[in-house]
Structure formats: structure tokens, C-alpha cells
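One letter stands for each residue in the lines below.
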Amino acid sequence: MTVDGISTYPGLGFGPMGPVEPLPGEPPGTQLRQNQDTTTELPTTEKTKKERTFVIAAFEFHRVETPFLIGLWIFFASLAKIGFHMAPKLSRMLPESCLLVFVGVLIGALLLSTHSVHVQPLTPDTFFLYMLPPIILDAGYFMPNRLFFDHLGTILLFAVVGTVFNTLTIGASLWACGQTGMFGCTTPLLDMLLFGALISAVDPVAVLAVFEEIHVDEVLYIVVFGESLLNDAVTVVLYHMFEAYTEMGPSRLVYTDILAGLASFLVVAVGGTCIGVVWGFATGLVTRFTNEVRVIEPIFIFVMAYLAYLNAEMFHMSGILAITFCGITMKNYVEANISHKSHTTIKYTMKMLSSSSETIIFMFLGVATVNNTHVWNTWFVLLTIVFCSIFRIIGVYIFSAVANKFRLHKLNRVEKFVMSYGGLRGAVAFALVLLIDPTVVNLQPMFVTTTIAVIYFTVFIQGITIKPLVKILNVKTAEKRKPTMNERIHERCMDHLMAGIEDILGKHGNHHMRDKFKRFDNRFIRPFLLRNYQGAEPKILETYSKLAMRDAIEYMQRNASTIGNISGAESMSAIFKNYTNTNFNGSPSFSQIDTSTWNIDMQELEYNPSKKDLTDAKIHHLLAEELCKPFRRHRRLSYSRHAVNERDLGIQVNYKTHMNIRRRVGDRKHHHKRSKRGKQDGKNHVTFPEFQQNGSAKQFTHGKIKYYRLDYIDEVLQEDGEEREVRRDGDDGGITFTAKSPPGYKEVSPTSSHKENSSSLLNQLANLPGFNPLKARIIKQYVKTPEEILPTAVEKSLPWRRDRSTYNFVPNEDILEEDERRLSDDNDNYNMIVAEQARVATPTATETMLPWKREEAEGSGALKQSEFPSWASNKEYLAYNSPSSTFLGLFRRESSSSTQGAAEAVVLSDSEGHRESTSKGEASSKDGGVRQGPSLLSKRSTSLGGPSVLLMEDVAHSDPLGASSRPASIMQGPQRGQCRRGSMMELTGSMSRDAITEEKCCKSLPESERMGVRRLPLGQSLGREPFIRQLTLASSLTTSSSSEDSSDENT
Amino acid sequence: MGNKSSLLLREEEIAQIQEETGFTPNQIERLYSRFTSLDKNDCGTLSREDFLRIPELAINPLSERIVQSFFAESHDDRVNFLQFMRVLAHFRPIKKNRENKLNCREEKLRFAFSMYDLDSDGKISRDELLAILHMMVGANISEEQLTSIAERTIIEADTNNDQMISFEEFCRALERTDVEQKMSIRFLN
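Those sequence lines, one after another, are chains A and B.
Sequential numbering from 1 applies to the first sequence in UniProt numbering.
Sequential numbering from 1 applies to the second sequence in UniProt numbering.
Honestly, the hints are just simulated from the structure, not real lab data.
There's no promise every hint is true.
What the hints assert, rightly or not - Restraint ranges, calculated between C-beta atoms of paired labels, are given here: (1) B:Leu52 to A:Leu147: 30 to 38 Å; (2) A:Leu147 to B:Pro25: 32 to 40 Å; (3) A:Asn145 to B:Pro55: 20 to 28 Å; (4) B:Arg105 to A:Pro527: 36 to 44 Å; (5) B:Asn26 to A:Asp521: 33 to 41 Å; (6) A:Lys471 to B:Glu180: 18 to 26 Å; (7) B:Ser142 to A:Asn291: 17 to 25 Å; (8) A:Gly249 to B:Pro25: 54 to 62 Å.
Unchecked claim - DSS-like mimics (lysine-lysine), calculated; alpha carbons at most 30 Å apart, straight line: (9) A:Lys507 to B:Lys40; (10) A:Lys410 to B:Lys95; (11) A:Lys416 to B:Lys95; (12) A:Lys331 to B:Lys182; (13) B:Lys95 to A:Lys471; (14) B:Lys182 to A:Lys507; (15) B:Lys182 to A:Lys405; (16) A:Lys416 to B:Lys182; (17) A:Lys516 to B:Lys40; (18) A:Lys89 to A:Lys476; (19) B:Lys182 to A:Lys410; (20) A:Lys405 to A:Lys416; (21) A:Lys405 to B:Lys95; (22) A:Lys539 to A:Lys347.
Given the structure is predicted, the values throughout are model-derived calculations rather than measurements.
Heads up, the beta-carbon is just placed ideally off N, CA and C, and yes, glycines get one too.
Whenever a hint applies, use it, and build me the whole structure from the sequences.
Written as C-alpha cells, this is what we have:
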């Protein structure tokens, strides 16, 4: 654009701010020289003064004038922008560009009236060298590449042929009208064509400003915007061509000049593009090596793009094309190389620069309007506006008809209208018209005025009306969203598919070309430009990591609030409410990482409260709250200290760690070692808590480095596994297993001496690695007669559970063998039942966690692909779909049956108590009862698979509380028997199981935890705390299961 | 439909194909010439080798699946022209007023779905998705990454929690995708 700038610009060599406008009659540029003279001279006078006296304070404006004015302009322009957004009504009606122009006019009028500084701020140099590049770079860098190239044909058609068409028709029409003498001046054809060239180009700045606000469909947007970007080359060429012709004079014009014009177009366009692409690759290459100096990463993007622009201008190529393609090219490579922070920096800096340039451009446009040199020719202005509109519409209709012949997506009538209506003229035209040398083209002042008028017409009339029109015409509007994993993958797959089909058809279409480029890119370019070459589908990875990141952040946000609530001093019910709100309302994402939520979910699944139960629960809940206040507070504190914070980390970890664990365990380890380890009683599972914990911490901090973590986890896993095994052996020998579960823990396991045949089930369950006696409480309620158990709500509602049911329990029995041997033999008859039950149920925690176990199970064959712990995947399912409300509904429906099962639960708990007594005999019978409940529950939950894991964690959390809640449990003591009969809430006394149920249904994790605490018997008191802490830390089923396991073994 | 002896299609064959697939006679002629040029053995049918002889297709990561999709209906590992056209009919752009059962959105989606459904049981399992990802992404990404991506994808789409993506779930996941556009090819006239 600035091709001939040096010689032709009126504002030659002016500073960026633009100097004082040349006075009429004065040759352009003299003002500047004057200005410079004054600025250089003044200091000298100052100097002479200084020699005489020492000046304490001096005022020296001239020295800083130019930058100061620039700063002032930017400041006021930005201020104006802020102002608009403070008047939402105004900004809703008018596009920002209009308001800015308006403010510019006001300022211009002010300056004109005061005569203080006669400023012509918008000089072509200023515009082309400083204001335009940021906007175009922003456009190019954030250009949706694929969309752009998919529609490149159409865009080029409009940008090249359409612009030429407009130029010729507008110019010719104006000339024809001029022949009638209606303009009152001579209108040479070449002058008119020159004017047509500059006025016919759609302006990217104006288009961006307007289209950003109306959010039209992306195809429409890219066609109009792409046209405005790419027609630059055409405009530049046509402009210079006609300018040169004008200077030469029509008489000397020979046809070779016209051919030269065509050739020059190719050179300008292709050259600009090539320069841009080369600089783009260079930028990619440079950023490959910036990993040690991250802070300067962004500067390369800006500087090199700017250099590309200047470089193109240097060779009289299209700078706009250069910087556009530089942005398009560099984007993919740069994004893969730079750090996340640099990415953010670039994004914001670019947006900031472009939007402030845009602001200033429109404002200066307004300011430039106000001057004394206008030559207003009504007919000329009117006809220009009319011709611009008419030929734009005609051009669009003609060329879209042509384009539709080759397009898959046909441009329909509405789109055509928006395209023609969106053909806004703007600052580019204005800057170009200022470039015209008035000594060559006598009509230049009239052109300037007319151009301003056209710009005002398009920016104001079209800019204001396009928004309502888009609404009225019901134009498809764009929806901004990040692609989901499915969309990303399936769309890629479709691309390949379509490319394949095109190949079969022998057709070289878009897909074919894209595929070809991708192959080339992946093979030759990427390996050179990228630091970490990640393979063929970076986008899929990118989407994945973005989504994973988002999950993590979402989780953190959700959890942060819960943490705050819990640590605060408000009542439990408030926390409960908060929990419900946060977890429940945010259901789509709610359970993915949140173990506690999972717990709740699980409980929800497990509990099937009836109406009556719910009311009961409410009452109990209230009572309990009053009864245990002091303890509760204490509990809460400790809870927040240990559990919340750690859990926070842990949970987040859990989500990802689960995946990793699964992968690790499934792929690496157990693929190889499964057969060997198969019979080792699933000791490996013990390691899970450890590595989850570790993994979580790591994960939390290094959200992005998840794979690095894997190794670490793996190590831990291995170490831990070995450790465990050793300990296990010792365990069998009667050694107390204290490493993971402190000695105090044993006290927990109580002794109630009910010996019933049902005990075997309990034993088995208790012996499950994942079994936590405390949790078992909860289970109790759900342990029913086998027949009843079979179709639990969970199973019914969750098909996958049913699927797995076949291979369920067998492996566990394997594990439990020794325990059973130790224990009474009356188990046998019950064993069958257990197995039966288990079979129906989903894989137990052990199974899910320990793939190798499952392998031995009957259903293992089918499981092959889900050899990873199913609970992990289940969890995620819930996390994403988490139709918690649905679950809730289902469970409610089933509630009656569950309550019926309570009686059975009592029996089972008794049996468990018996077992425990045999093994330990330490705790009181009361305690035993209490413990049995949890153990059963946990067993049940284990057997149910996925969510149950979380449930266990929940219990684990409750443990710490439980330690402090002794008094409460004492109080509840008397009611225990009743509770037992009716439900699992033996010790809670005032609080019945039902209460818990209700709360769980409502997803109040804290509530449930608290309940758990209350439920804890005296016997479990303080000795457990370390253990508890551990549990909390690990904050996962696996943790609890391991400790549980060990304790059981000890017994 | 492959006319074994002659390279020309008979009128009634064209009519039948047009009826069934919605292609215009011109398009049918054009595609038939492509078909015969792929058919190196002049036997009127295409084998897998004929397809894979196309150089670009051979390096398409999903070539195997794409070719397989042509053989879905055939029993003898040969594709005749009618079957060939039936498959291609899925990719005809959708015309508003002329509904065709082969190129409606659902059919397009079903075709895409079949790309994943290796065992054609109507569901995309994790392993199937993983296999496709393997083909597309290549060897540079670790197994763990791919696995987690596959799992994430399934979790995302799986609404009934069976750890598989059924066709309904697949459609729902692509609800907002312009499948009509993405899976259409402008057939030359």
C-alpha cells in the first residue's frame, strides 16, 4: 500500500502521531520539518538560558510533544471505549466504531474551534505502518485456518474478481455520470477508476469491528472477512496501476502497461504471501529454541510478523497479505512451542494492540473529518454511495452464483444479502485517498470528502442497521464453544474418510489437498519447527489436555467453595446446603474428580429412602446437630485441616490418577505380571493409596505434566507393592500390621459375639482389600437377602453394573480363602449366597482395582478391554454425565425395598461382629455392632463397584470425625439396638440411618461424613487418628481399602 | 451391476442406479469410468487390492476402514458397481427437496459410525476407538495418552454408562457438527 509512500505521501516522514497539518498552499512535509526544527531548536535556547541561571523546575513540552500526544490520543480513545461500555444502552444500539467516530468528530471540532493544534493525526504512514499491522496480525493469527482454506476459493473469487469488478463498474459509472456534467467538473476516466479502486475495497478494520459484534455464522464471517483481507493486494495493485496511469496520462498509455498491471498483481499478491509464509516458518523455528527464555517468546511473534509486514512493503508487495499469512503460518507451530503463559500473553497483547489500534483508527477518522478543506459535491457523493451499494450487491449476487457452482455449502439468499450489506468501507480507503497526490489528481480534495462520506455511510447506516437486520433475517449466528473430545476425534476421522473417498473418486478436492499438506507438514515441517513433535494429531491432544485442564479447574473451583464453607463456622446444615448446591447443581461435571461427591453418589445409589425415612432423617439430623455441637466444631476444624486440603489435592489427583493407575496397572504391570501375581492375594492394591496420593499432589501442581507423573507413580506402585507383600506375610504370622494403619486402628474392629451363618459374607467382605470396617456400617442397610440384593437400584439403573455382574466375586473368594479358613466354618453355606450375590453385583473394589483378579473370574474374557479398575471409569462416567438427579429419582423409587433389606442387614452385621470378635475380641459388643454396619456397607459398596470407592472415602473422612465424636456415640448408645434393627445407624442413636440416607440422596457430603463420625463407637477413638489421617490423605478408596485390608488381616 | 464385458452401462442399469442412489446419469457415467479405471482386471468388480492401489488411499491412515466400508455388503470380497455407488451415495450433498434415504444425515452418521465399529456390533468400545486413534495419530503418542484420550472420549459420549458409544450416543455427540457438510462431496456432473 505504501509502495510509493516516500515520494507521494502528503505526510511524508511524519512521526507516528502525525505532525501539524500542512497549511493550505504549503507543500506537504514542510510542517514536519518545521516541527522537527522547533523541537531541535528549542532545547538549544533552553541551554543558553541554563548557562545563565540554574533552573530548578522547567517546562519543556516540545521535547516530549510527539510521544506525549500519542499517549494522550491512545488514552482518550481507550477512555472513550470504556465510556461506551458504561452506557450499555448506547453500545447495544450502536456499534462501537460509530461511537468512536462520533467521539472523534467531537474532539476534532474542539481542536478546530480552539485552533490550538491543527492536527491531522491519521496520516497514511501512521495508518499503514503502525495502526493497521496489529489489526491484521490479530486477524491472521486467530484466523480459523481450516475454515479459511475451505472457503479460500470463494474468498479469492470475491477478493480478486469481485474487487476488480467493483472498481471498474464504479469508476466507469462515475465517469459516465461525469460526462453528463452533473458534477460540475471534469472527471477523467482514469481519475474515476483510481477513485473506484480505493473506494471499492472492503475494509478489514470496519468489517472486523462490525462483524465481531453481530456474531454471524462462521462461514459468512470468513467469506466477508477473508475477502476484506485478501482484496488488499488487488486494491494496492489497482490503486498504483491507476495512479501510475494517471501520472503517465491516458495518451501515453499502451496495452503493455495493462499487462504489466496484471503481472504486478501476481507479484504483489504472491510475493506478499510468500514473504509472510517464510517469516511465519521462521517464527516457528525461532520459538523452537525459546524454551529457556520464555519471557521473550511473545516478542518474536510480534516483531517477526511486523518485520514480515515491513519486508513486504519494502518490496512493494502486499503487506496485509504478508502479515496475514505470517500469522496463519506461524500459529500452529508457535502454539506448539511456546509455554502456556506466553500463549496467554500473546493472545492478550494481540487483542489489546488490535483493539486499541482499531479504536484509534475510528477516532482519528472522526477527527480527520473536521477540517476546513472539504470539497463537498453532493451529486458525486450521492452517486458514489449509490454505486458502491448497488455494485456491491450486484457483484455479490453474480459471484456467489458462480461460487455456488463449486461450493458444497451454497450461499443462500440471506447470506448473500449479509455479504453485500457487510461490504463496509473504512480507514484503508481513507488512508489511500490521502495518498493521492493532489498535484496530479486535481479532484483529490473532493475524493477525500467523498471517501469520508462513504465511510460514514457504511459505518453508520450499515453498521447500525446490520445488527437488527441480521436478527430479522434470522441469519445463522455462530456459537462459540470448544470442541468436545468426540467432535474433535470424529471430525478428524471424517476428514480422513472424506479424503479417502476423494481419492477413490480420483477427485482432488479440499480434503485431498488438506490431507496432502498434512502429510507433508507432519513429515517435513513439524519435525523441524517443533520442539516436542507429538505426532500426527496435535489437535486431538490439545483438545484432550484442554478438556482435562478444564475439568481440573472446574473441580478446583467447585471444591474451593466447599472448602471455604466447611472451614467456616457455619452450621452443618449450611455446609450441607452448600454441598448440595455445588455438587448437585453443577451436575454435568460434578463427580468426575470429586471423591466425596462420588461418595455421595454412591450412597445415593445405595440408599433408597422412603418419604417417611426422609422426614425421620430430618428430625434425627436436627437432633443430632443440637446434641453434638462442640464436638462437631472440633471435628470440622480437623476435617478442614487434614481432609479438606489434602483431599482437595487428592481428589483432583484422583481423577487423573485413576486414569493413570488404570493405565499403569493395566498396561504395564499387569499385562506382564498378572499371571504371576494372580494368586498373591491382591496385595498390589495396597499401593494405590500411596500413589494416588503422590500422584495427586503432583498432578495438582503440574496439571500439564501428567505423563511425567506416571513414571513416578509407577515407581511408587512397585515399591509399595513389594513392601506390602512383605508386610502381608508378616501379617499372616500374626504380626500387627501397623505401617499403613496404625495400631490404634485395631481397636476399631469391635467384637460383637453374634455368630450367625451370615458371618461368612461379612468375613469375606471384611477381608476384601478394599474393605473398610467403618464404611461397612453404611453397607449394612443394603445387605439384604440375596434375592433382594440382586436388583438393587444401582444395578437397575446402571447397566454396566449388570454387565459385569457375572465375573464378580470369584476372585475375592480367592483372596479370602485364608481368612475363611481361619474363621469359623459355618461360612460355607453362606458362601454360596455371597458368591451369588457378588455375582449379581458389580465388581468389588478389589476386583475393579486389581485387574488380575478379575482375570480369573469367569467373566474375565468379556472384561478384557476394561481390565482397568472399572470404578475409575465409572467414576468418570458419573463425572461427565452424572445424572445424579436421575439416580436420585431411581433410588427413591426403590427405597421401600431397601428398607426391607434392613433386617437382613442386621443379621449380617451380627455375623460380622462375630467374625471380628473371633479375630480381635478387643472391642465391646456395642462397638462391634457399630463396626459391622460400616463393614457391611463398605462391602456392599465394594461389590457394587465404581461409585462405592468414593463412598469408602467418605467413610474414611468420617473417621477423623469419629474419633472426636465419641460422646455423641455414647449418647446414641441406647438407641442402638433399635437402629440396628431398622437400619444401619446403630450408634448414631439420635440420628437414624435414614437420616443419612436422606442426606446422601441430597448429596451432602459433609453431612454424611458427620454422620459417619457420630456413628463411630467409643472403642475406635483416638488410636485411630493417625490411621484416619492417612485415610484422609490418601482420600481414596484404595487407601482405605488397603488399611482396611491390613487391619482385617491382623484380626 | 458390473457389466463384465462392456465398459458401457446399459440404460436400465443407469436408471436403476439413479433410482437407488440419486446420482444423475452423468455422474453415474463418470463414476463408472472411474470404477472401470480402478478395475485393473476388467472383471467388473473391485477387490481390496484395487482400492489400495490408489496411492493416496494407501497412505490414508484409515484406508483399511474406508475400503472395508465398501465391502460391508459384499459376501465375496468383491464390490460391484452398484455396491460401489451405494456407498458413494452416502456422500452426496443433501438437497432440501429431494430426500434420499442414502445421503440423509443419519446415514452419513451411520457411515462414520461404521468406521469405528470394527466388530459391527453397533457399539464403539474403548478398544475400537483406540484402534482408530492408533491409525490416525500414529506412533508418536504414548499408549497411555491414547488410552486416556479414548476413555475420555467414551466417557464424554456415553450417556447410558455402558462404556460403549452406541449409535444414538454417537449422534448426540455430533449433534452440533455440520455432518451434512463435512460428509458430502461435490460430485462432478
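The hints, checked one at a time:
1. B:Leu52 to A:Leu147: 30 to 38 Å: holds (32 Å)
2. A:Leu147 to B:Pro25: 32 to 40 Å: With a Cβ separation near 35 Å, Leu147 (chain A) and Pro25 (chain B) satisfy 32 to 40 Å, so the hint holds.
3. A:Asn145 to B:Pro55: 20 to 28 Å: Given a distance of about 26 Å, which is inside 20 to 28 Å, the answer is holds.
4. B:Arg105 to A:Pro527: 36 to 44 Å: The hint (36 to 44 Å, Cβ to Cβ) holds, given that Arg105 (chain B) and Pro527 (chain A) are roughly 39 Å apart.
5. B:Asn26 to A:Asp521: 33 to 41 Å: holds (36 Å)
6. A:Lys471 to B:Glu180: 18 to 26 Å: holds (25 Å)
7. B:Ser142 to A:Asn291: 17 to 25 Å: holds (21 Å)
8. A:Gly249 to B:Pro25: 54 to 62 Å: Given about 58 Å between the Cβ atoms, the range holds.
9. A:Lys507 to B:Lys40: holds (19 Å)
10. A:Lys410 to B:Lys95: holds (10 Å)
11. A:Lys416 to B:Lys95: holds (19 Å)
12. A:Lys331 to B:Lys182: holds (24 Å)
13. B:Lys95 to A:Lys471: Given that 30 Å is the threshold and the Cα spacing comes to 26 Å, the pair holds.
14. B:Lys182 to A:Lys507: holds (16 Å)
15. B:Lys182 to A:Lys405: Satisfied, since the Cα-Cα distance of roughly 18 Å is no more than 30 Å.
16. A:Lys416 to B:Lys182: OK: Lys416 (chain A) and Lys182 (chain B) at ~22 Å, within 30 Å.
17. A:Lys516 to B:Lys40: holds (25 Å)
18. A:Lys89 to A:Lys476: holds (24 Å)
19. B:Lys182 to A:Lys410: Holds, because 14 Å separates the two Cα atoms, which is no more than 30 Å.
20. A:Lys405 to A:Lys416: holds (15 Å)
21. A:Lys405 to B:Lys95: holds (14 Å)
22. A:Lys539 to A:Lys347: holds (18 Å)
In summary, the structure agrees with every hint in the numbered list given earlier.
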